[in-house]
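Visitor: Sequence:
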Amino acid sequence: MRELGVGQAHTLTVDAGDLLGWRPDVRRHETLLDGIRQIGYDVIGLGDNDFVDGAPFLSDAIRMRKLPVVAANIAMTANSGEIAPPYRIVKKGGLRIGVIGLVSVESFRTMPPSRMKEIAPTDPAETLRRLLPDVRKKSDIVILLSHGGVMRDRELARQFPGIAVIVGSHDRHILHTPIREGETLIVQAGPNGAYTGELILEIDRNKRIRDYRGRLIPIDEHITPDLALQRRIDAYYETPTGLVRQGALHTPDRTPFQGAKSCQPCHQDAYLQWKASRHAHAFETLVLENKNTHPECLGCHTTGFGQPSGYRDTASTPHLSDVQCEACHRMTAGHDFPLPRNPVPPVTPEVCTGCHTPSQSPGFRYEEALSHVKH
86 MRELGVGQAH
96 TLTVDAGDLL
106 GWRPDVRRHE
116 TLLDGIRQIG
126 YDVIGLGDND
136 FVDGAPFLSD
146 AIRMRKLPVV
156 AANIAMTANS
166 GEIAPPYRIV
176 KKGGLRIGVI
186 GLVSVESFRT
196 MPPSRMKEIA
206 PTDPAETLRR
216 LLPDVRKKSD
226 IVILLSHGGV
236 MRDRELARQF
246 PGIAVIVGSH
256 DRHILHTPIR
266 EGETLIVQAG
276 PNGAYTGELI
286 LEIDRNKRIR
296 DYRGRLIPID
306 EHITPDLALQ
316 RRIDAYYETP
326 TGLVRQGALH
336 TPDRTPFQGA
346 KSCQPCHQDA
356 YLQWKASRHA
366 HAFETLVLEN
376 KNTHPECLGC
386 HTTGFGQPSG
396 YRDTASTPHL
406 SDVQCEACHR
416 MTAGHDFPLP
426 RNPVPPVTPE
436 VCTGCHTPSQ
446 SPGFRYEEAL
456 SHVKH
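Under my numbering, the residue at position 359 of the sequence shown is numbered 444, and the numbers go up by one with no gaps.
Worth flagging that the hints you see were computed from the coordinates, not collected in a lab. In this text the structure is predicted, and so the values were computed from the model without any measurement. Some hints here could point you the wrong way.
[Stated by the list, open to error] Mimicking PhoX-like on lysine-lysine, the simulated pairs with C-alpha atoms at most 20 Å apart in a straight line are:
#, residue 1, residue 2
1, LYS176, LYS223
2, LYS176, LYS151
3, LYS177, LYS346
4, LYS222, LYS176
5, LYS151, LYS222
6, LYS177, LYS222
7, LYS459, LYS346
8, LYS222, LYS292
9, LYS223, LYS177
10, LYS223, LYS360
11, LYS202, LYS223
12, LYS176, LYS346
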């Protein structure tokens, strides 16, 4: 980010939201927010995931760290107050840049009701219609941080042609080059910090975009880590999280987990095939990367993590490390009765794609992958 000019006079650094993970984890998210403050963004938008620990936590975290967040259409219900200002005016390269932050109402559809009670999202288009005249008076260029997906970004660009750039997020699209909707440029760098985007604008005397070029830069092993940030990350991984110590994510239990050894007597061939597969060594990956106490990793590298009888830690549940039979076959109560009275549910694509996501398993193909583990 520093090589791209973060903090320099002609560089505006922004993010369009979902800075935090989808699973509640205050300690992890505090570490992330500390790192974000250290990077030095000019403006930060919000996404639905950012409310996962609750609106009060997010509001306090923003205030304590003095993060430059914008949220035009999200208010807190507790005090009818704003979580952050609706927009910010930033001066860069002799220009006044107005940056607005919006989150689509639809993006909150999977949020637990208890969390939805804390916030009051309003329609993005109505918010823009009310807000844009004021922002335009104070700005030479208007940029929108939109957390709603590419299709909605296109709709907003058509409805409000005065927006110069829409920086999008939420629907996991990766736009390697900008797309245009009328005179508006739309960019999106995709999920999980796999890329950072660079958009270079040439502005004419009339404060209009004369030319542009954009690209995505992969964040991979060729990037030299920032030492201060790396120390913060290392400290986080070296300390087990409270979730792992407590061994609970408050999700419902099913039939108590037994481990693959309990399946072996009746399913010897399947057991041997599994034993030779990568699933049987999934936990080793976390150990090698020092992530074997990290909740968002354990769910896909152990069996039953987050459920009362599932994996807790290596001391108390070593028999449930790795991706074992019950991780994929979803055992039902009474499976030990004669089949087909209690058959094993089929392994559908949804069972696999819960962990083999586009970001974690690029190019994953269900039929091809199934052929490597079928037994």
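Visitor: Compare the structure with each hint and give your call.
Guide: Now for the hints, and whether the structure bears them out:
1. LYS176 to LYS223: This hinted pair holds, its Cα atoms lying about 11 Å apart.
2. LYS176 to LYS151: 18 Å, holds
3. LYS177 to LYS346: The given pair, whose Cα atoms are some 63 Å apart, is violated under the 20 Å limit.
4. LYS222 to LYS176: It holds: about 14 Å lies between the C-alpha atoms, which stays within 20 Å.
5. LYS151 to LYS222: Roughly 26 Å between the alpha carbons, so the hint for LYS151 and LYS222 is violated.
6. LYS177 to LYS222: Distance of about 17 Å is within 20 Å: holds.
7. LYS459 to LYS346: Distance ~18 Å between LYS459 and LYS346 Cα, so the pair holds.
8. LYS222 to LYS292: 13 Å, holds
9. LYS223 to LYS177: Cα-Cα ~14 Å, so holds.
10. LYS223 to LYS360: 65 Å, violated
11. LYS202 to LYS223: 34 Å, violated
12. LYS176 to LYS346: The given pair, whose Cα atoms are some 64 Å apart, is violated under the 20 Å limit.
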